[in-house]
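These protein sequence lines are chains A and B, in that order. If you read the first sequence in my numbering, its first letter stands for residue 1, the second for the next number, and so on. If you read the second sequence in my numbering, its first letter stands for residue 1, the second for the next number, and so on.
Keep in mind that the hints were calculated from the coordinates and are not lab data. Just to be clear, a hint being listed does not mean it is correct.
To be verified - Some chain B residues close to chain A (C-beta under 8 Å, calculated; not the full set): (1) E38; (2) R42; (3) L45; (4) S143; (5) M203.
Claimed, not checked - Just the calculated beta-carbon pair ranges, DEER-fashion: (6) A:K59 - B:A125: 22 to 28 Å; (7) B:D123 - A:N50: 41 to 47 Å; (8) A:K16 - B:E206: 44 to 50 Å; (9) A:K43 - B:K238: 51 to 57 Å; (10) B:L47 - A:N50: 30 to 36 Å; (11) B:K71 - A:K43: 32 to 38 Å; (12) A:Q37 - B:D123: 50 to 56 Å; (13) B:G158 - A:K32: 33 to 39 Å; (14) B:D123 - A:D52: 16 to 22 Å; (15) B:K34 - A:N50: 56 to 62 Å; (16) A:Q37 - B:D100: 52 to 58 Å; (17) A:K32 - B:K71: 45 to 51 Å; (18) B:D111 - A:K43: 17 to 23 Å.
Glycine is no exception: its CB is placed at the ideal position from the N, C-alpha and C atoms.
As a plain string of letters, each chain reads:
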Amino acid sequence: MMAIPIFNQIAYRIIKEQALIIGPLAWDEARKVSGIQVVDSAKGQVDVQNGDPKLVVDKLVAQYERLFGKASHEVCREAVADLIAELPPTDVPTSLQS
Amino acid sequence: MFKFFHTNPKSVERPNLGLVQGRKNVATDEASPKDIQESLYRQNLELAVKNKTLSLLAKLYEISTETLEPKELAKRVVFAVRTILNVRLVGLYLFSEAADDFTPLGVSATDTIEKIKAETGCDFAAVPISRVSQSKFWKPLFSNHKSNQTESLLEIFGEKISQAVVDRLRAEAHMKTVLCCPLVIDNKVIGLFLVAINRAYEMFSEHERNSVEAAVNVVALTLDKAQLYQTLAITNQKLGEANERLKELDQLKSEFVSLATHQIRGPLTAIKGFASMMIEGDYGEVPKTLQEPVDTIYQSSQSLVVIVEDFLNVSRIEQGKMKYDFTDFDLCALANEVVNEDRVIIEKRGLNVSAAICPSPVTVHGDRGKLKQVIGNLLDNSMKYTPKGSIMLSLVSNKASKKVLLSIKDTGVGIRAETIPHLFHKFSRAEDASKVNILGTGLGLYVAKEMIKAHGGRIWVESPGEGKGATFFVELALV
Numbered sequence: 001m002m003a004i005p006i007f008n009q010i011a012y013r014i015i016k017e018q019a020l021i022i023g024p025l026a027w028d029e030a031r032k033v034s035g036i037q038v039v040d041s042a043k044g045q046v047d048v049q050n051g052d053p054k055l056v057v058d059k060l061v062a063q064y065e066r067l068f069g070k071a072s073h074e075v076c077r078e079a080v081a082d083l084i085a086e087l088p089p090t091d092v093p094t095s096l097q098s
Numbered sequence: 001m002f003k004f005f006h007t008n009p010k011s012v013e014r015p016n017l018g019l020v021q022g023r024k025n026v027a028t029d030e031a032s033p034k035d036i037q038e039s040l041y042r043q044n045l046e047l048a049v050k051n052k053t054l055s056l057l058a059k060l061y062e063i064s065t066e067t068l069e070p071k072e073l074a075k076r077v078v079f080a081v082r083t084i085l086n087v088r089l090v091g092l093y094l095f096s097e098a099a100d101d102f103t104p105l106g107v108s109a110t111d112t113i114e115k116i117k118a119e120t121g122c123d124f125a126a127v128p129i130s131r132v133s134q135s136k137f138w139k140p141l142f143s144n145h146k147s148n149q150t151e152s153l154l155e156i157f158g159e160k161i162s163q164a165v166v167d168r169l170r171a172e173a174h175m176k177t178v179l180c181c182p183l184v185i186d187n188k189v190i191g192l193f194l195v196a197i198n199r200a201y202e203m204f205s206e207h208e209r210n211s212v213e214a215a216v217n218v219v220a221l222t223l224d225k226a227q228l229y230q231t232l233a234i235t236n237q238k239l240g241e242a243n244e245r246l247k248e249l250d251q252l253k254s255e256f257v258s259l260a261t262h263q264i265r266g267p268l269t270a271i272k273g274f275a276s277m278m279i280e281g282d283y284g285e286v287p288k289t290l291q292e293p294v295d296t297i298y299q300s301s302q303s304l305v306v307i308v309e310d311f312l313n314v315s316r317i318e319q320g321k322m323k324y325d326f327t328d329f330d331l332c333a334l335a336n337e338v339v340n341e342d343r344v345i346i347e348k349r350g351l352n353v354s355a356a357i358c359p360s361p362v363t364v365h366g367d368r369g370k371l372k373q374v375i376g377n378l379l380d381n382s383m384k385y386t387p388k389g390s391i392m393l394s395l396v397s398n399k400a401s402k403k404v405l406l407s408i409k410d411t412g413v414g415i416r417a418e419t420i421p422h423l424f425h426k427f428s429r430a431e432d433a434s435k436v437n438i439l440g441t442g443l444g445l446y447v448a449k450e451m452i453k454a455h456g457g458r459i460w461v462e463s464p465g466e467g468k469g470a471t472f473f474v475e476l477a478l479v
């Protein structure tokens with residue numbers, strides 16, 4: 001089985017966590033972010049494309065924060081805490097840095 | 001219940017996730033649509049967090065209902081917790097006070113840890129945590145039942161894991177912090193729940209902490225239940241084996257008793273026979289000084305014959321070798337025959353005895369000899385326990401139910417209520433036996449019960465209490 005790229009995993013985790021709180025709207029909002037392609041929400045297939053994946057993730061986090069405030073930002077950070085912990089500090093998107 | 005123990009309480013700055021604290025209340029007029037949206041989000045977030053914790057608990061409960069074998073249970077629990085909480089490693093350990101260690105029962109680790117295990121041979125599932133009482137690290141777990149955490153694997157496993165492996169686990173598997181939670185039941189530590197995460201403990205979210213705390217309490221209960229089940233299963237197995245052994249021993253005992261009593265019966269018959277012949281004067285007149293000893297020899301041998309016969313009957317019953325010769329006969333005639341045979345002895349003791357009065361024959365299908373033995377036994381029993389008064393035998397036929405009820409009522413010492421349920425057991429004798437100086441094996445009523453059972457009948461006793469006499473009943477089917 002091929003390993004899923006880490007930024008795809010991060011994006012998927014964030015969307016999934018938001019979906020637990022706001023429902024399918026989380027997927028709709030993710031689709032609005034440029035650089036995020038939802039291949040199959042049921043199977044959890046998300047592709048981070050176009051340029052710097054760190055910036056794409058930052059945009060995704062900002063998309064939720066714009067709508068739901070600071071709490072949603074913290075949710076994003078906690079959702080991927082274990083993934084972020086394994087990244088070199090320079091690879092961590094700004095929005096997810098503690 | 002355990003509580004998390006923060007040894008290094010660096011608080012993480014978190015936004016206020018409460019519903020209205022420090023913010024505009026959604027119910028107020030000034031609330032903007034964005035405020036309302038954010039407030040609803042926070043409410044949903046609170047529900048989602050609770051829902052996640054509940055989902056984990058539901059999974060653990062599901063496992064606990066499906067699995068009772070401790071190892072299998074541990075395997076499933078650690079896997080579920082590791083995958084649901086996305087942690088590096090989860091271990092479930094049993095505490096042994098005698099060995100002073102935590103023995104691994106189940107460990108689930110990420111693929112990377114498994115790879116390191118394969119390459120280095122460092123298997124957490126085979127590494128016990130030793131000398132627990134000698135380490136300061138474990139003190140909070142035992143003294144306050146609080147969890148503890150460390151970033152040093154060596155603090156937990158000591159020299160059982162090399163520094164090189166620890167370095168690989170940190171660098172490649174990102175095992176950064178190990179959280180150790182005691183499993184407590186009845187205020188006693190029964191085990192350890194170990195969770196390894198890839199962050200500092202302070203970065204472990206509130207939801208994750210709450211989930212682990214809730215899981216630990218469920219795991220403790222589940223593990224305790226599984227251990228009890230296993231103990232019970234082992235005890236049951238041992239009891240089963242002991243029971244089998246006892247059955248074998250019982251069989252051997254029955255065979256021995258049967259053999260011994262058969263061997264005794266021959267010489268005993270000779271002793272009794274010759275004593276009887278001496279009393280009858282077959283060898284000439286017995287000198288006066290010898291008359292009493294010869295009489296005693298005869299009486300004693302007669303008593304021994306009865307005892308030997310009881311033992312032989314029990315042996316036959318237990319070995320399933322008792323033979324019954326079933327025929328149709330008049331039970332009334334048989335009962336009165338027994339009364340008449342014993343009448344002289346009964347009246348010699350100063351007791352009145354009355355036989356059954358039957359207007360017509362009471363026909364039953366049974367072994368006449370065995371039923372005679374039962375009635376004789378009951379009559380003999382009443383006689384022994386009745387120092388004065390009377391013994392009355394009666395028969396009542398019930399054509400509707402096609403049953404006949406034989407009863408032997410005495411005015412004897414009576415039976416205590418608590419004694420009655422044991423009276424038909426082997427070697428059971430009424431507590432008053434010694435008071436009235438009764439000799440016997442305590443087998444007569446057991447033999448009677450087994451014989452009546454073989455006839456498809458019932459036997460029981462009723463007594464109004466001590467000093468108020470007793471009535472023995474035998475119920476048989478009419479032909």
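Structure-based check of all given hints:
1. E38: Interface hint status for E38 (chain B): holds (4 Å vs cutoff 8 Å).
2. R42: holds, 5 Å
3. L45: With a minimum Cβ separation of about 5 Å from chain A (threshold 8 Å), the hint on L45 (chain B) holds.
4. S143: Because about 31 Å separates S143 (chain B) from the closest Cβ in chain A, which is outside the 8 Å limit, the hint is violated.
5. M203: holds, 6 Å
6. A:K59 - B:A125: 22 to 28 Å: Given a distance of about 43 Å, which is not inside 22 to 28 Å, the answer is violated.
7. B:D123 - A:N50: 41 to 47 Å: With Cβ atoms ~45 Å apart, the hint holds.
8. A:K16 - B:E206: 44 to 50 Å: The hinted range 44 to 50 Å is violated for K16 (chain A) and E206 (chain B), with Cβ atoms some 19 Å apart.
9. A:K43 - B:K238: 51 to 57 Å: Because 52 Å falls inside the window, the suggested range holds.
10. B:L47 - A:N50: 30 to 36 Å: The hinted range 30 to 36 Å holds for L47 (chain B) and N50 (chain A), with Cβ atoms some 35 Å apart.
11. B:K71 - A:K43: 32 to 38 Å: holds, 34 Å
12. A:Q37 - B:D123: 50 to 56 Å: Because 42 Å falls outside the window, the suggested range is violated.
13. B:G158 - A:K32: 33 to 39 Å: Taking Cβ atoms as reference, G158 (chain B) and K32 (chain A) lie about 54 Å apart, which means the hint is violated.
14. B:D123 - A:D52: 16 to 22 Å: Cβ of D123 (chain B) to Cβ of D52 (chain A): about 41 Å, so the range 16 to 22 Å is violated.
15. B:K34 - A:N50: 56 to 62 Å: violated, 29 Å
16. A:Q37 - B:D100: 52 to 58 Å: The hinted range 52 to 58 Å holds for Q37 (chain A) and D100 (chain B), with Cβ atoms some 57 Å apart.
17. A:K32 - B:K71: 45 to 51 Å: Given about 50 Å between the Cβ atoms, the range holds.
18. B:D111 - A:K43: 17 to 23 Å: holds, 21 Å
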